[in-house]
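Visitor: Given next are the chains, with one letter for each unit.
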Amino acid sequence: MDISTQTTDAPPPSPEPTLSGQARGARGATRPGDRVFLGLSRGSGILLLVIMAAIAVFLTYRASLAISRDHGNFLTTFEWNTNLNPPVFGIAVLAFGTIVSSVVAMAIAVPISVAIALFITHYAPRRLAGPVAYVIDLLAAVPSIVYGLWGALVLVPHMTGLYGWLDRYLGWTGVFDWEGGAPRSMLTVGILLAIMILPIITNVSREVFRQVPQMHEEAALALGATRWEVIRMAVLPFGRSGVISASMLGLGRALGETMAVATVLSPTFDIQASLLNPGGGTFAQNIASKFSEATQDGRDALIASGLVLFVITLLVNGAARAIIARRKEYSGANA
Amino acid sequence: MAKRIDVSGLTAYYGSHKAIEDISMTVEPRSVTAFIGPSGCGKSTFLRTLNRMHEVTSGGRVEGKVLLDDEDLYGAGIDPVSVRREVGMVFQRPNPFPTMSIFDNVAAGLRLNGSYRKSELSDIVEKSLKGANLWNEVKDRLNKPGSGLSGGQQQRLCIARAIAVEPKVLLMDEPCSALDPISTLAIEDLIGELKERFTIVIVTHNMQQAARVSDRTAFFNLAAVGQPGRLIEIDDTERIFSNPSVQATEDYISGRFG
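Chains W and C supply the protein sequences, listed in that same order.
Heads up: the first sequence begins at 0 in numbering that gives the first Met the number 0, then just goes up one per residue.
Heads up: the second sequence begins at 0 in numbering that gives the first Met the number 0, then just goes up one per residue.
Isolated chain C (complex conformation):
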């Protein structure tokens, strides 16, 4: 089941450098929320705080609260490993495991979570690959290495791998920035289908993409280089792109800076 994300007063650091400051927002279940903003404004950092990947970086630490429904991801006694099993992630560069076959890539997360019978595993792998619109292209070569696919196919393989474990939330960090326009379109269509089942948060540099795929859009900005990034505003995507309430947002989306 998709879950709601409720962030309040979140600040993240790299060592002593404050990367983002005091961010609060709510992301509704079964919706797509896009993060836009200039490079270095902290949108990827913020995304990585939502599945506790930020602290993997040396010196990375976080203050504030992230509630997944009612559970604080940064609460005492919460294991970051179990958080990441609930909140899946797709990265900028397609990163299938090069040493695994297509099948094993999709099954990788399942095998971490427990033991499955072979038939169960094949069913879930098939369902996930169908869910990622990749099944028809790879069903005859499931035992071939995933790194032999095209970039767009690899990215959909990574999406299949992420959704195979039925996460509550799916985070996507510029998932199309390394892809050609046709593969990008395939991923965007897929995002539209996935939001029926998952809460999706996507970081993108492409404002047309944000406008096409998202229900809500959050605009991030930073006052100057070296200053922490802040959430400027979050609103319905339609409103952000037609009539934003903050001047800086309008300047950014109309291309006057950034």
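Chain W extracted, bound-state conformation:
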């Protein structure tokens, strides 16, 4: 057992790492290789910013054209009628559906992913851990249209049993009320999205759990912790910020997923409390189903909805960063 190779007596962490600052501060003779590499990396950085700015400008410009023509309220109208003159459309239904389907997906996928990652890193015998990890990786390689087809042809017909059960025991909540329509609804979409985002959350969590220093796990063991208590005392707290990052990657995919949602959902333009009754829509699904037949005005309206999705994604990422930063001094990064 080799637990002694890491250095733990690192200096107290400075609030911001300043590596690049130091490198830039070092003046003196520069070599051609350094200059080339500096140019390349600086160019790549600038290119990234330019691309982001270009996307933002494009989205904002086209969106502003559409919104100025919109005769409804862009944020609250429950309608998407871009062929009227003047057009009437609003993103309320899409925002609701996007968030609801993603929340359902996260609620299912995050616990299962964390459990699989813990199984692979801490419970499974080595013979089993490799194959399990490999199969999870394979899930990530399946194209989303295939998930969509599988969802529509296999998952949807098999959901009626679960729907009936949920309706019978939990229907009174309203959230699980089912009127017996085809299960092409937000819950099925959420389950499908959960399967799709499972691999990324599992893989990133697995890497994080694998990096928990042996010495923290031994500290818990030596106090008389069982395997589960070791995980609770040393592994999960250490991996917390990594699991949040992993979940955000998964959430990003769920928010933006297009084909699978468009194939499974039967969309309507209304908001309902029930996850089981068909209807609703998401930003990406709405763009995919309407884009090819849309007029110029219609396309601008769809682009405006895309801008809102962009903003939601930014907000979610900001929130995740804030959560991670709030407990930075406890993160274990300075241990």
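A hint or two may mislead.
[Stated by the list, open to error] Covered by chain W, per the in silico footprint, the following chain C stretches (three or more residues, Cβ under 8 angstroms):
| no. | region |
| --- | --- |
| 1 | 90-98 |
| 2 | 105-118 |
[Unchecked claim] Far from chain W, some chain C residues (derived; all Cβ distances over 10 angstroms):
| no. | residue |
| --- | --- |
| 3 | Ser15 |
| 4 | Tyr73 |
| 5 | Asn135 |
By construction, these hints were calculated from the structure, which means they are not laboratory data.
Because the structure is a prediction, the values reported are computed rather than measured.
Idealized CB from N, CA, C, for every residue including glycine.
Assemble chain C onto chain W, guided by the hints.
Guide: Structure of chain C alone, referenced to chain W:
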């Protein structure tokens, strides 16, 4: 209450590799026993067999008996988790839980063992931190992370965490090797105080340290690389460092090899 350790015929393996062979010794309660010997001689492995931490390593297994008073730690039906609650351990590198505050670090073992009232918990945490000579340095920042302390303070925090659950035996695996001389001195003083209450076993590479802190010293050696480590002799520390009965011990402590 401190307990006696009685080891007989203990052999430990890593997979098929025999790391230590046929070790027998007795450690008296409320005493400090130091293990010395060259690197790779199995003293840390032996230490880890005393709280069943050796078997945590993949392929680790043990033959022989370790009696804690009259109870065989390797007997049938003995849960290794409950063994580790009786036999505490301090590691080479200070390893406070980075995600916990100073208070929670000390309380970690207590929370595993049962539920305590808040006031009870604070009393035990205060007593343990005082026992580890750390209270005065941290009493105003108990809610700050333990990883913000200096290396020596972190190690004393780990000692406070280990003694908070009132173990019968305290094992220390080179507890000062990552510390500066002043922190080392603080830990050594602390060991002197702790032996009033606990049976202490310490592995050290520093022979002056063994001479300073221990009552008894055990010298381990191995015949050649790849051979299992063996206990060469165990005796009163004074005798080991002045007039050992085995030539190899004298060669080692006088610096002629190793």
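Visitor: Each hint: holds or not?
Guide: How the hints compare with the structure:
1. 90-98: Contact hint for the region 90-98 of chain C vs chain W: holds, 9 residues under 8 angstroms.
2. 105-118: The restraint on the region 105-118 of chain C holds, since 4 of its residues have a Cβ under 8 angstroms from chain W and three suffice.
3. Ser15: The claim holds: Ser15/C sits with its nearest Cβ about 16 angstroms from chain W, beyond 10 angstroms.
4. Tyr73: holds, 17 angstroms
5. Asn135: holds, 21 angstroms
Checked against the numbered hints above, the structure violates none of them.
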